[in-house]
Amino acid sequence: MIGEMTINEIQEGIIEEFAGFEDWMDKYAYLIELGTDLSGLEAQYQTDQNLIKGCQSKVWFNAKLEDGVVKLEADSDAIIVKGIAALLIRVFNNQTPEAIMNADLKFIDEIGLKQHLSPTRSNGLVSMVKQIKMYGLAFNHKANN
Amino acid sequence: MSLDPIKLRQDFPILSEKIYGKPLVYFDNAATTQTPTQVTDVMVEYYNKYNSNIHRGVHYLSNKSTEGAENARIKVQKFINAAHSHEVIFTAGTTESVNLVANSFGECYISEGDEVIVSEMEHHSNIVPWQMLCQRKKASLKVLPFNDNGELMIEKLDELITDRTKILAVNHISNSLGTINPIKEIIDFAHSKNVPVLIDAAQSIQHKKIDVQALDADFLAFSGHKLYGPTGVGVLYGKEKFLNEMPPWQGGGEMIQEVTFEKTTYNELPFKFEAGTPNYIDIIGLGAAIDYVEAIGLDAIDAYEQELLAYATEKFNAIPNLKIYGTAKNKTSVISFLVEGIHFYDMGMLLDQMGIAVRTGTHCTEPVMQHFGIEGTVRASFAFYNTKEEIDALLAGIEKVCKMFGVKHA
Ligand SMILES: Cc1ncc(COP(=O)(O)O)c(C=O)c1O
Numbered sequence: 001m002i003g004e005m006t007i008n009e010i011q012e013g014i015i016e017e018f019a020g021f022e023d024w025m026d027k028y029a030y031l032i033e034l035g036t037d038l039s040g041l042e043a044q045y046q047t048d049q050n051l052i053k054g055c056q057s058k059v060w061f062n063a064k065l066e067d068g069v070v071k072l073e074a075d076s077d078a079i080i081v082k083g084i085a086a087l088l089i090r091v092f093n094n095q096t097p098e099a100i101m102n103a104d105l106k107f108i109d110e111i112g113l114k115q116h117l118s119p120t121r122s123n124g125l126v127s128m129v130k131q132i133k134m135y136g137l138a139f140n141h142k143a144n145n
Numbered sequence: 001m002s003l004d005p006i007k008l009r010q011d012f013p014i015l016s017e018k019i020y021g022k023p024l025v026y027f028d029n030a031a032t033t034q035t036p037t038q039v040t041d042v043m044v045e046y047y048n049k050y051n052s053n054i055h056r057g058v059h060y061l062s063n064k065s066t067e068g069a070e071n072a073r074i075k076v077q078k079f080i081n082a083a084h085s086h087e088v089i090f091t092a093g094t095t096e097s098v099n100l101v102a103n104s105f106g107e108c109y110i111s112e113g114d115e116v117i118v119s120e121m122e123h124h125s126n127i128v129p130w131q132m133l134c135q136r137k138k139a140s141l142k143v144l145p146f147n148d149n150g151e152l153m154i155e156k157l158d159e160l161i162t163d164r165t166k167i168l169a170v171n172h173i174s175n176s177l178g179t180i181n182p183i184k185e186i187i188d189f190a191h192s193k194n195v196p197v198l199i200d201a202a203q204s205i206q207h208k209k210i211d212v213q214a215l216d217a218d219f220l221a222f223s224g225h226k227l228y229g230p231t232g233v234g235v236l237y238g239k240e241k242f243l244n245e246m247p248p249w250q251g252g253g254e255m256i257q258e259v260t261f262e263k264t265t266y267n268e269l270p271f272k273f274e275a276g277t278p279n280y281i282d283i284i285g286l287g288a289a290i291d292y293v294e295a296i297g298l299d300a301i302d303a304y305e306q307e308l309l310a311y312a313t314e315k316f317n318a319i320p321n322l323k324i325y326g327t328a329k330n331k332t333s334v335i336s337f338l339v340e341g342i343h344f345y346d347m348g349m350l351l352d353q354m355g356i357a358v359r360t361g362t363h364c365t366e367p368v369m370q371h372f373g374i375e376g377t378v379r380a381s382f383a384f385y386n387t388k389e390e391i392d393a394l395l396a397g398i399e400k401v402c403k404m405f406g407v408k409h410a
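Chains as they are written, first to last, in the numbering used here: chain H, 1 to 145; chain S, 1 to 410.
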């Protein structure tokens, strides 16, 4: 995947984008837009296995390994959560399992999402990240065995 | 009778807090009510001047603490009009109270093939302990349903109660629907079939005058933190007759009379059910909370909260695409709702950004959500320190969220 941006480059881009928002309304309106635009998951992938635990809304992540990189799709019944999932997809999609495993996710803090999400909520976010990292770990293990 | 919410708000420092720079609008009172300085002052005073383990001390401080905690018991007794102060057991809250009865009463009176009845609108705290008991004892759990307005179908009790029914556990007021259940009628009917009744009063103790003798309730449970008192303390009221027959649930200090390795004899009521050092400063705080509420008057509180409920309900009903869950004739100041096309979690998150605290999700009543085929609701619950202006702020907040989602609002 020559020419793809690194996880850090993508994060920088997101941080820059969010720095342009004046107040929380703009920020959340943008998340709503991202959530609305994310194509989501076909019903067959909205399985219990793909369901992320620890969030009040339902969030599903589906991942597969193709040509050495991870392909991610996600869906949620809550639009803002889906918008957050869209950001995570932007960061992790088409990255190698190894890059995903080792990624340092600083953008969540920097765009002020974590601070605006209460513990139960950020648990959902934390769970999403954890799940993606688990996919990275599993695919990496598979590729090396 | 009337009360002045603006003046009363001054007793609650948290109500002047700013959230993300905006004035807090606290509409999560059904989960936890705020605590006035009249309560926290008493607790701080006890910590600073009298703190000492109760009941077993020979010294001045221990006597002061013991007196404070036992006075609180008498305050609770009078507050719910129990016949005896030893019918008042201090627990960690409603949940522990129900667990105590499910375990101890369950041990004593329930055996294989017996039946326990709960309602479809119970909090998980008044379901799971009974379910666990039924599993242990191979008994069965039966459910009294509610209709789509959120009113219990008490006419079904006649067929539900059999000669194997050993106890009926039902809430006075539903935390997710706001329904006020006709508990006097339920108790009378159950008693006519010789079935004792446990009332979960977690959502009514702060709104309604309760008289356990007039109700003839066999057990009644509530939590301090929903009665403007501290967290971690609650009450189980039980009729003396049952409490005397029931075995202790937890063993430890305080609950014993004599211990040898061969045999232990148990203390008398209420201590038989209070193993270990009681949560005495919170118990004293609960006593202060009862004083506070009684000084305002539950009738005045109830009347004002009904006014808030009527105001909010009318305004909510005028919003297209908004549906209220829980439309019983007899309701307390709780509004559970959903706006079509907006997930409750999105709504709650955005209202939070405006400084408005509501609760979202199932409210620990998943069967209620299943009844309506929904995943959860947004719940706004009002207390006497809330105002119509705050309800207007919530309405404006909902309007804003609708706009952000492109949902028709008016
Ligand atoms: C009706 C009802 N029952 C029981 C409980 C449990 O109370 P606690 O968590 O204080 O034990 C609650 C509190 O949410 C409630 O609303």
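These are calculated hints, taken from the structure and not from any lab test. Mixed in with the good hints, there may be bad ones.
To be verified - Per label pair, the in silico range of CB-to-CB distance:
no.	chain 1	residue 1	chain 2	residue 2	range
1	H	Asp104	S	Ser16	46 to 52 Å
2	H	Met25	S	Tyr109	22 to 28 Å
3	H	Glu98	S	Asn53	39 to 45 Å
What the hints assert, rightly or not - With a Cα cut of at most 25 Å, we get these calculated SDA-like pairs of lysine to any residue:
no.	chain 1	residue 1	chain 2	residue 2
4	S	Lys78	S	Val259
5	S	Lys22	S	Met404
6	S	Lys18	H	Ala29
7	H	Lys27	S	Pro145
8	S	Lys408	H	Asn145
9	S	Lys403	H	Lys130
Cβ atoms here follow ideal geometry from the backbone N, Cα and C, with glycine treated the same way.
Hint check results:
no. : hint                            : verdict
1   : H:Asp104 to S:Ser16: 46 to 52 Å : violated, 40 Å
2   : H:Met25 to S:Tyr109: 22 to 28 Å : violated, 58 Å
3   : H:Glu98 to S:Asn53: 39 to 45 Å  : violated, 58 Å
4   : S:Lys78 to S:Val259             : violated, 34 Å
5   : S:Lys22 to S:Met404             : holds, 19 Å
6   : S:Lys18 to H:Ala29              : holds, 23 Å
7   : H:Lys27 to S:Pro145             : violated, 44 Å
8   : S:Lys408 to H:Asn145            : violated, 55 Å
9   : S:Lys403 to H:Lys130            : violated, 33 Å
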